[in-house]
Structure formats: structure tokens, C-alpha cells
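Count along the sequence shown from 1, then add 69; that gives the number in my numbering.
Bear in mind the hints are in silico, worked out from the structure with no lab data behind them.
Some hints could be false.
Derived BS3-like pairs: lysine-lysine, alpha-carbon spacing no greater than 25 Å straight-line [to be verified]: (1) LYS178 to LYS123; (2) LYS180 to LYS123; (3) LYS345 to LYS385; (4) LYS319 to LYS386; (5) LYS289 to LYS345; (6) LYS94 to LYS139; (7) LYS401 to LYS385; (8) LYS139 to LYS180; (9) LYS126 to LYS180; (10) LYS319 to LYS333; (11) LYS187 to LYS126; (12) LYS345 to LYS319; (13) LYS292 to LYS345; (14) LYS345 to LYS333.
Ranges of calculated distance between the beta carbons of each label pair, as one might list FRET restraints [to be verified]: (15) ARG259 to ARG408: 52 to 60 Å; (16) ARG408 to THR308: 35 to 43 Å; (17) SER147 to ARG207: 41 to 49 Å; (18) CYS127 to SER147: 20 to 28 Å; (19) PRO114 to SER215: 53 to 61 Å; (20) ALA117 to ASN92: 30 to 38 Å; (21) THR245 to GLU367: 41 to 49 Å; (22) GLU367 to GLY302: 35 to 43 Å.
Quick reminder that beta carbons are idealized off the backbone N, C-alpha and C, glycines included.
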Amino acid sequence: MASEATFRIWRGDASGGKFVDYNTKIEEGMVVLDAIHRIQAEQAPDMAVRWNCKAGKCGSCSAEINGMPKLMCMTRLSDINLDMPVIVEPMHAFPSIRDLVTDVSWNFKVKKTIKKFKPRPPDAADGTWRMQQVDVERAKVAAAESSIQAAQEALKAIEEIQVYLRVTAPFSGVITTRNVHPGALVGTARDTLPMFQLETQHRLRLVVPVPEADVGGIVKGAKIAFTVPAYPGETFYGTLSRSAHSIDPKTRSMPVELDVSNPKGRLAAGMYPAVKWPIHGNRPALLVPPTSIVTTSERTFVIRVNGGAAEWVDIKKGPAQGDLVEIIGPLKEGDTVLRRGSDEIRQGTHINVRTVPATKG
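Please take these sequences and the hints and turn them into a complete structure.
This is how it looks when you write it as C-alpha cells:
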């Protein structure tokens with residue numbers, strides 16, 4: 070045991086106070102109350118502390134030691150880690166008077182309400198009491214009731230465990246991924262794969278990134294046609310239900326969601342459809358073969374023949390329509406555009422071409 074210890078003692082009253090550290094010598098066999106008395110005698114004669122029997126009977130020296138309610142006269146210093154300050158404060162359950170003294174008058178009020186024990190008259194010849202058979206039976210009934218209650222609690226615990234053995238789907242759908250099989254051990258760690266992946270099939274959501282120039286065609290409730298490679302030549306429809314109302318700065322497009330009814334389950338999640346998006350407005354648009362469009366790291370253009378010479382015309386690509394692609398740019402009906410463009414054909418190059426009329430969009 071250390072020869073000296075630090076005690077952090079609460080000094081104050083009901084209006085407030087603070088902890089004060091005291092270093093004092095300790096000896097073998099001392100209890101906390103001995104150390105408090107030594108500090109009171111040598112360093113803090115005005116410190117208020119209550120004690121009476123010093124035998125663990127009266128409870129007058131009760132206090133909270135390191136956060137635990139204890140009797141200071143029964144708490145040996147050998148049972149406390151003295152490498153750290155020993156925190157002593159008044160009982161929090163009672164109003165503070167001063168320092169370690171609290172108002173325990175409530176205890177005496179309650180004590181007055183407790184009736185004194187009055188035993189029945191002795192029923193044995195020697196002046197003692199004997200347990201009657203009714204008492205024995207009453208004890209047996211109490212023991213049996215306790216056993217029944219324990220068995221019921223055990224049964225309840227087993228039933229609660231069995232609930233975890235049944236996995237119930239939160240909604241109707243199709244299990245598309247299964248990561249466990251009968252007999253496998255299922256864990257609850259964060260990095261554990263989910264047991265199943267459940268997807269609903271009767272109602273799907275189609276997300277369409279609409280180019281910024283075409284967001285004028287967004288009308289809530291409109292029927293939008295689309296096709297999928299799995300069913301060539303067949304057209305499906307979705308209802309425009311919601312849009313992001315915000316343009317993605319990276320793609321310059323607005324995500325739009327279509328609700329697709331799929332009662333027969335022919336469509337599947339993950340399919341990539343081709344959407345026929347309605348375009349509003351009278352902007353000039355032409356259709357050309359994909360081979361006419363030249364894309365470099367700097368620009369996208371087609372080559373127009375103007376007066377027998379090649380001219381690069383910057384354009385923007387639109388959606389494909391069959392074997393042709395819509396282009397938007399400073400072109401007009403009747404312009405001659407090379408069917409097979411290439412950046413090797415420089416501007417001003419003389420060209421002899423066989424004219425194929427462009428198709429108006």
C-alpha cells in the first residue's frame with residue numbers, strides 16, 4: 070500500500086461548491102473515514118462530515134466513493150486503487166447541507182410509518198414457534214409457481230429465438246440473388262452479404278437522362294414509348310411520374326423517372342431500353358448516316374461540300390432513329406454532306422461527289 074494518497078473531496082453546500090484535493094498519509098488497515106478524519110484534523114478543520122457508530126450499523130457516514138454509494142467506515146483503503154485520486158462526495162439521493170453532510174430526515178419520516186413486527190403467540194410448550202402444515206404447503210405452492218414462471222420465461226426465450234429462423238419477405242416479388250443455402254451459418258456483421266435480394270416485378274422504374282435541350286418535353290403523366298432488345302419490334306410504355314428538376318453538370322442532362330407496369334413479368338430489372346422521347350419546338354434537325362459524323366478530341370462535325378470544296382460544319386448529335394442519326398447544326402435542307410466523313414479530308418479539299426439527298430427530321 071502507498072504511504073500517501075490523494076483524496077478529492079467535495080466542499081460546498083446546496084448552492085454550489087467544488088472538489089478540493091488533499092494529500093494525506095495512510096497506514097495499513099485504515100478505512101476511508103480514518104483518512105477523512107486525518108484530513109479534518111490536520112488540513113481542513115472546517116470540513117463537515119457526519120459519523121456515529123463506525124461499525125456499519127447507523128449509516129451516518131454514507132457517501133459516494135469513486136461514484137459508488139458506500140459507508141466510509143466500512144470501505145478499506147486496501148480495496149481502492151490509490152494510484153489515482155479517491156473521489157469522495159455526498160450522497161446524491163439526499164439534499165446537500167454542507168460538504169459531506171446531507172439531509173437524511175426523510176429516512177426517519179419513513180421509519181415512523183413502518184409498523185413494528187409483532188409475532189403471534191408461541192405455539193410450542195417450550196415457548197417457541199413451530200411451522201404449521203399450512204405454512205409448508207404455502208411454501209411448496211410458492212416454489213411451484215416460481216418453477217412455472219421460470220419455465221414460461223425459458224419457453225418465451227426459445228420462441229423468440231425460433232422467430233429468427235423464419236425469414237419473411239417485406240413485399241411480394243422474385244428472389245434474384247441468393248447468397249445462403251440451407252444449413253449455412255448466417256451472421257450479422259456489417260461486411261456480411263445479405264441472405265437474399267428481392268425485387269418486385271409487377272412495377273418497374275425506368276430512369277431516363279434527358280438532354281438539357283429536350284427537357285421541354287417533360288410533361289408529368291405523359292405516356293413515353295420505349296423498346297428493349299429482348300422483344301424486337303414491340304413497343305412498351307411508361308408513365309412519366311417525376312423528374313429531378315436539376316441538370317447534371319457533368320452530362321448536361323436531367324434524370325426523369327417513368328413508372329412501368331409489368332403485370333406479366335416480361336420486362337426485367339437491368340434491361341437497357343431505347344426511349345422515344347417527345348421533342349417540342351421547331352428547331353432544324355437533319356438525319357444522316359452515322360458514318361457521316363466525325364468526332365475528334367476537339368470537335369464533332371460533318372463535311373459539307375460547298376462549291377466543290379470540303380467544309381467542316383460543327384454539329385451536335387441527337388438520338389438515333391433507325392439507321393440514321395439526328396444532327397443539329399447550321400445545316401439546311403438541300404446541303405450536300407459526305408456519306409463517309411474523315412478528319413483526313415481537310416477543309417478546302419476539292420471533292421467530286423455523288424449526291425445523296427439528306428433526310429429532313
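Now the hints, each set against the structure:
1. This hinted pair checks out: LYS178 and LYS123 have alpha carbons roughly 23 Å apart, not beyond 25 Å.
2. A threshold of 25 Å between alpha carbons decides the hint, and for LYS180 with LYS123 the separation of about 22 Å falls inside it, so the pair holds.
3. For the proposed pair LYS345 and LYS385, the alpha carbon gap of about 18 Å is at most 25 Å, so the pair holds.
4. Among the hinted pairs, LYS319 with LYS386 is consistent with the structure: their alpha-carbon atoms are about 17 Å apart, no more than 25 Å.
5. With a C-alpha separation of about 16 Å, the suggested pairing of LYS289 with LYS345 holds against the 25 Å cut-off.
6. Among the hinted pairs, LYS94 with LYS139 is consistent with the structure: their alpha-carbon atoms are about 22 Å apart, no more than 25 Å.
7. Of the supplied pair hints, the one linking LYS401 and LYS385 holds, its CA atoms being roughly 14 Å apart against a limit of 25 Å.
8. Between LYS139 and LYS180 the CA atoms are separated by roughly 21 Å; this keeps the pair inside 25 Å, and the hint holds.
9. Only pairs whose Cα atoms come within 25 Å are accepted, and LYS126 paired with LYS180 is accepted, the gap being roughly 15 Å.
10. With a C-alpha separation of about 37 Å, the suggested pairing of LYS319 with LYS333 is violated against the 25 Å cut-off.
11. Between LYS187 and LYS126 the CA atoms are separated by roughly 23 Å; this keeps the pair inside 25 Å, and the hint holds.
12. Under the criterion of a C-alpha separation no larger than 25 Å, the hint pairing LYS345 with LYS319 is consistent with the structure, at around 23 Å.
13. About 10 Å separates the Cα atoms of LYS292 and LYS345, which keeps this hinted pair within 25 Å; it holds.
14. Proximity of LYS345 to LYS333 is assessed by CA-CA distance (about 23 Å); at most 25 Å being required, the pair is judged to hold.
15. Between ARG259 and ARG408, the C-beta spacing of about 58 Å keeps the proposed range 52 to 60 Å intact.
16. The hint said 35 to 43 Å for the Cβ distance between ARG408 and THR308, and at roughly 40 Å that hint holds.
17. With their beta carbons about 46 Å apart, SER147 and ARG207 fall inside the hinted range of 41 to 49 Å.
18. Between CYS127 and SER147 the beta carbons are some 23 Å apart, a value that agrees with the proposed interval 20 to 28 Å.
19. Range check, PRO114 to SER215: Cβ separation about 56 Å, and the 53 to 61 Å hint holds.
20. Checked against the hint of 30 to 38 Å, the pair ALA117 and ASN92 fails, with Cβ atoms roughly 20 Å apart.
21. Here the CB-CB span from THR245 to GLU367 is close to 44 Å, well matched to the stated 41 to 49 Å.
22. Take GLU367 and GLY302: their Cβ atoms lie about 39 Å apart, and the range 35 to 43 Å holds.
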